[in-house]
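Trainee: Here the protein sequences line up with chains A and B, keeping their order.
In our numbering, each residue's number is its place in the first sequence (first place is 1) plus 4.
In our numbering, each residue's number is its place in the second sequence (first place is 1) plus 4.
If you're looking for bench data, these hints aren't it; they were derived computationally from the structure.
Each hint should be verified, as a subset may be incorrect.
Same chains, same label: a pair holds when it works inside one copy or across any pair of copies.
Below, a list of computed lysine-lysine pairs in the DSS-like style, where the Cα atoms sit at most 25 Å apart [said to hold, decoys possible]: (1) K76 x K323; (2) K382 x K323; (3) K132 x K323; (4) K18 x K76; (5) K307 x K273; (6) K97 x K80; (7) K323 x K65; (8) K97 x K76; (9) K80 x K323; (10) K132 x K18; (11) K132 x K80; (12) K97 x K18.
Because the structure is a prediction, the values reported are computed rather than measured.
There are 2 protein chains.
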Amino acid sequence: MNELPLHEAGSRLKKVQQAIAEMQADACIITSPVNQYWLCGFIFDGFLFLFPEGDPLLFVKRPSNIAGERMKPIRKPEQIPGMLREAGLSLPKRVLIEADQISFSAATRLQAALDMPETGNISGELRKIRAVKSEYELEQIRQSARIHAKVYELIPSLYRKGMTDLELQIEIERQMRLHGSAGIFRSFGENMDIFMGSMLAGDNAQAASPYDYALGGAGVTPLLPLGANGTLLAPGATVMVDMAGNYRPWMDDMTRTFVIEHAPGIAYKAHEVSINIHNAIINTFRAGALCSELYLLAEEMVKENGLQPYFMGTVQQAKFIGHGVGLEINEPPVLTSRSEEILEPGMALALEPKFVLPGIGAVGIENTYIVHENGLEKITLCEEALVVLA
Amino acid sequence: MNELPLHEAGSRLKKVQQAIAEMQADACIITSPVNQYWLCGFIFDGFLFLFPEGDPLLFVKRPSNIAGERMKPIRKPEQIPGMLREAGLSLPKRVLIEADQISFSAATRLQAALDMPETGNISGELRKIRAVKSEYELEQIRQSARIHAKVYELIPSLYRKGMTDLELQIEIERQMRLHGSAGIFRSFGENMDIFMGSMLAGDNAQAASPYDYALGGAGVTPLLPLGANGTLLAPGATVMVDMAGNYRPWMDDMTRTFVIEHAPGIAYKAHEVSINIHNAIINTFRAGALCSELYLLAEEMVKENGLQPYFMGTVQQAKFIGHGVGLEINEPPVLTSRSEEILEPGMALALEPKFVLPGIGAVGIENTYIVHENGLEKITLCEEALVVLA
Numbered sequence: 005m006n007e008l009p010l011h012e013a014g015s016r017l018k019k020v021q022q023a024i025a026e027m028q029a030d031a032c033i034i035t036s037p038v039n040q041y042w043l044c045g046f047i048f049d050g051f052l053f054l055f056p057e058g059d060p061l062l063f064v065k066r067p068s069n070i071a072g073e074r075m076k077p078i079r080k081p082e083q084i085p086g087m088l089r090e091a092g093l094s095l096p097k098r099v100l101i102e103a104d105q106i107s108f109s110a111a112t113r114l115q116a117a118l119d120m121p122e123t124g125n126i127s128g129e130l131r132k133i134r135a136v137k138s139e140y141e142l143e144q145i146r147q148s149a150r151i152h153a154k155v156y157e158l159i160p161s162l163y164r165k166g167m168t169d170l171e172l173q174i175e176i177e178r179q180m181r182l183h184g185s186a187g188i189f190r191s192f193g194e195n196m197d198i199f200m201g202s203m204l205a206g207d208n209a210q211a212a213s214p215y216d217y218a219l220g221g222a223g224v225t226p227l228l229p230l231g232a233n234g235t236l237l238a239p240g241a242t243v244m245v246d247m248a249g250n251y252r253p254w255m256d257d258m259t260r261t262f263v264i265e266h267a268p269g270i271a272y273k274a275h276e277v278s279i280n281i282h283n284a285i286i287n288t289f290r291a292g293a294l295c296s297e298l299y300l301l302a303e304e305m306v307k308e309n310g311l312q313p314y315f316m317g318t319v320q321q322a323k324f325i326g327h328g329v330g331l332e333i334n335e336p337p338v339l340t341s342r343s344e345e346i347l348e349p350g351m352a353l354a355l356e357p358k359f360v361l362p363g364i365g366a367v368g369i370e371n372t373y374i375v376h377e378n379g380l381e382k383i384t385l386c387e388e389a390l391v392v393l394a
Numbered sequence: 005m006n007e008l009p010l011h012e013a014g015s016r017l018k019k020v021q022q023a024i025a026e027m028q029a030d031a032c033i034i035t036s037p038v039n040q041y042w043l044c045g046f047i048f049d050g051f052l053f054l055f056p057e058g059d060p061l062l063f064v065k066r067p068s069n070i071a072g073e074r075m076k077p078i079r080k081p082e083q084i085p086g087m088l089r090e091a092g093l094s095l096p097k098r099v100l101i102e103a104d105q106i107s108f109s110a111a112t113r114l115q116a117a118l119d120m121p122e123t124g125n126i127s128g129e130l131r132k133i134r135a136v137k138s139e140y141e142l143e144q145i146r147q148s149a150r151i152h153a154k155v156y157e158l159i160p161s162l163y164r165k166g167m168t169d170l171e172l173q174i175e176i177e178r179q180m181r182l183h184g185s186a187g188i189f190r191s192f193g194e195n196m197d198i199f200m201g202s203m204l205a206g207d208n209a210q211a212a213s214p215y216d217y218a219l220g221g222a223g224v225t226p227l228l229p230l231g232a233n234g235t236l237l238a239p240g241a242t243v244m245v246d247m248a249g250n251y252r253p254w255m256d257d258m259t260r261t262f263v264i265e266h267a268p269g270i271a272y273k274a275h276e277v278s279i280n281i282h283n284a285i286i287n288t289f290r291a292g293a294l295c296s297e298l299y300l301l302a303e304e305m306v307k308e309n310g311l312q313p314y315f316m317g318t319v320q321q322a323k324f325i326g327h328g329v330g331l332e333i334n335e336p337p338v339l340t341s342r343s344e345e346i347l348e349p350g351m352a353l354a355l356e357p358k359f360v361l362p363g364i365g366a367v368g369i370e371n372t373y374i375v376h377e378n379g380l381e382k383i384t385l386c387e388e389a390l391v392v393l394a
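All chains, full assembly: derive it from the sequences and hints.
Mentor: Structure follows, in C-alpha cells:
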C-alpha cells in the first residue's frame, strides 16, 4: 500500500500538467507534504518541479541519500537555475506555486532564486483535482471506514463510570493507534490544529473555538482550545465522538454519539432529525446536484423541527454541514447555503448535521459517502442510534 | 496555569515593541498560534496588531463570541483599514509580519488590504526574543521535565517480550496523555511533522528521513516517514525513546535509551561517550559561551573515541547536537560547528549527542539544561545509563 501504482501516478501527473497548461505556466513547484505524497508516493524536503509536458524533476534537500536520474540533491533553492540549465531546461517565466501553503519567506526566496518569474497559485486547483478520487483512492477510504467502525464498536467496552471525556478519549486514541491510525492527520489552511479528533461531552459542546471545525470545545490547554476539557461523563449527558479516520493515507470521517446512562427525550429527537437529514439527502441527491441544495434541504428540516437555535452549535454556529475528505480532512466541496460546487462521481463527502443541546451536549451523526452517478454510497457502516454507556 | 500573568504579558509586549521600533516599523501583525499564545495567553483566528507604543488591537474572525474594547470582530482582513480609522489610527506604512509562518496567499492578501505597506519579517526576531525565557517560563519547563521523567520511569513496566517498537510507543503515548501531555506539540519551519515523538529500535535508527530532526527512522506510513517502523524489539538491539515533553505550554526535551535483554559492549561504550560529552559540556560552559564551542568540544570527544562514522546518524548525519526548546521544540540557539549565537542566561538548551550503531541501534541521551551566569542547570533528572528491558 506504500507503493504508488504507476497508473495512479501517471493519471495524477497528467491532470496537473493539464492545469499547468490551462493556467499558461511553464512550471509548477510542489512543496507541501500532501501534494508531494499525492504526486510521488513519498515526502521529501525540497522542490518538485512539474512541467506542462515530460517528466518531473525533484530538487531534494533531505533525505540526503536519494538517488535517481530525475532527483537532484541540493542544499538551497539558489542552486536550482544552474541545475535546470544542466538538464537542458531554461528558467521558467511563469511559475505556479502552492501559495496557500508555502510561507511568504520561502516563496519570495524561491522567486528570487528563479530570477523573479511571474507567479500564480496552484493550491486551489490541486484541491479541486484531488476532490475527485480514483477507484484506488476510494477503496482506501472504504478500508479506513471499516477500521474506523471497528474502533467505534469498542467504545462501550472502554467506558468506565466516573471517567472524564479526556480519559475516555485516551483509551480510544490507544485503540486507534493499535488499529493502525497514523496519529497525525492533515488539514488545509491556517488555524486548523487538532489532535487525533474531537470528543465533546455535556456543555463543553457549546464552547466556541478559534478553529474552523463543525463544533468547538474548550480543550485542556490554551495551546489547543478544542475538544475534550476534562468534563466528567455524568448521567444525563451525551458524548459526541468525532475521532479521526486516518487508517490509510486516504481518510474517512465519522461521528457517533453516546448517552451516559440516560438522556432527555429531546436528545433522542434531535439525534433522529440528524439521521433523517442523512436519509433525506441520500434519497434526494446524486452526482450533478448543487452542493448548496444539500445544505438547504438540511436547513429546511431543522426549521420544521424548530431546532435552529441548536443547529451546528449555539454560541457559535458553523455555517456548513459537510465537506470533502481525502488526504486532508477538509477537502472540497464544502456544503454551505452558498456553495456553487457540483457533486461529481468520485467525490468523498463527510456529512455532519449536528445539534448542541444546552445542559445535555451534542447529538447527531457524521457519515462519509462516495458520490456516484446513481446515488450516494454510505461507507461508514456503524450503529447510528444513540448508544448508552453504562 | 492557563492564565497569562499580567507582568509576563507586559514584559513580552515591551520586548516586541522595542523590536518594532528598532526595525523602524509602524505595526507588527501576529498570526501564528504560538506567538498569539505567547503574547495574549490565548489563540484566535485573526490578526494581532502591535504598535511601537500603546495597547495591541485584536481583529478576530473566530471565536465569534469574543468581547473586549481592544477586540474587534471581523470577517475578512479587508475590514481592518476602516476599523483602524475608527480607532483613531492611520494605516501603517511599514509593517512587520511573521513571514516565515504566514502563507504567501494570506500575506499578499493582507498587504493588499492594508494598501501595500512596505513589509518586513519579524519571525526571526520573535524567535530570538523567545529564546531567553523568564523565570515563569523556565519553571514550566522544569515542571514538564519532572512529569517527563515520571513517564520514562514507567517504560520498563510497559515493555512486554515480543513487542514491536510501535506497540511500546503506543503504551508510552497513553501514559503521556494520562500524565497531561497535550498530544500535539509545535515546531518551527516546514517539513517538521512528527507525532508525539520518536522511537528508534535497531537498524531503523539508520533510516534517513526528510525532516530536520536529530535522527530519522522509516515510520509506518508514507505520509510520515519518521520514527518507529514496526521493528520487533529483539534481544541485542537498543531502543531510543525521544518522546515529547509537552506537559506544559513550555516544553522540555529528553531522550533515554534502553537495551532489549543485552547489547554488545560497543553500545555501552558509545552510550558512555554521550554521557561524557554532556558532563564535559556542563563542566566547561556557562552563559557567555559561543554555541559553536559546545559542538566542537563534542566533535573532538567523538573523534578521540573513533566514533565519527556513527555520530548523529550513519547514512544521513545531522550537523547539530542540540537546540533551544520552549513553546516550540526547535527554538534558537542551534548547536552546530558554525553557530554564532552566544549562550544567554534564561535559555533552555536540549543537548543530544547520539550515535547510531549498525546492527544494534541508536544510543546516547538528551537532557534539557537551563543556562545561568554560573553554569548549566540540568532539569531532566532521570536514570541516564542504558536500562535493560526484559
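Trainee: Taking the hints in turn, state whether each one holds.
Mentor: These are the hints, each one checked on the structure:
1. K76 x K323: between (46 Å within a copy, 21 Å between copies)
2. K382 x K323: within (23 Å within a copy, 50 Å between copies)
3. K132 x K323: Answer is within: at 21 Å inside a copy they meet the 25 Å cutoff, but 40 Å across does not.
4. K18 x K76: Result: close within a single copy only, 22 Å intra versus 46 Å inter.
5. K307 x K273: For K307 and K273, the Cα distance is within 25 Å only inside one copy (14 Å; across copies 72 Å).
6. K97 x K80: within (20 Å within a copy, 32 Å between copies)
7. K323 x K65: between (41 Å within a copy, 14 Å between copies)
8. K97 x K76: within (21 Å within a copy, 42 Å between copies)
9. K80 x K323: Close across copies (16 Å), not inside one copy (43 Å); limit 25 Å.
10. K132 x K18: Only inside one copy: K132 and K18 sit 14 Å apart there, 45 Å across copies, limit 25 Å.
11. K132 x K80: Close across copies (23 Å), not inside one copy (31 Å); limit 25 Å.
12. K97 x K18: So K97 and K18 pass the 25 Å test inside one copy only (21 Å; across, 45 Å).
Of the numbered hints stated above, none is contradicted by the structure.
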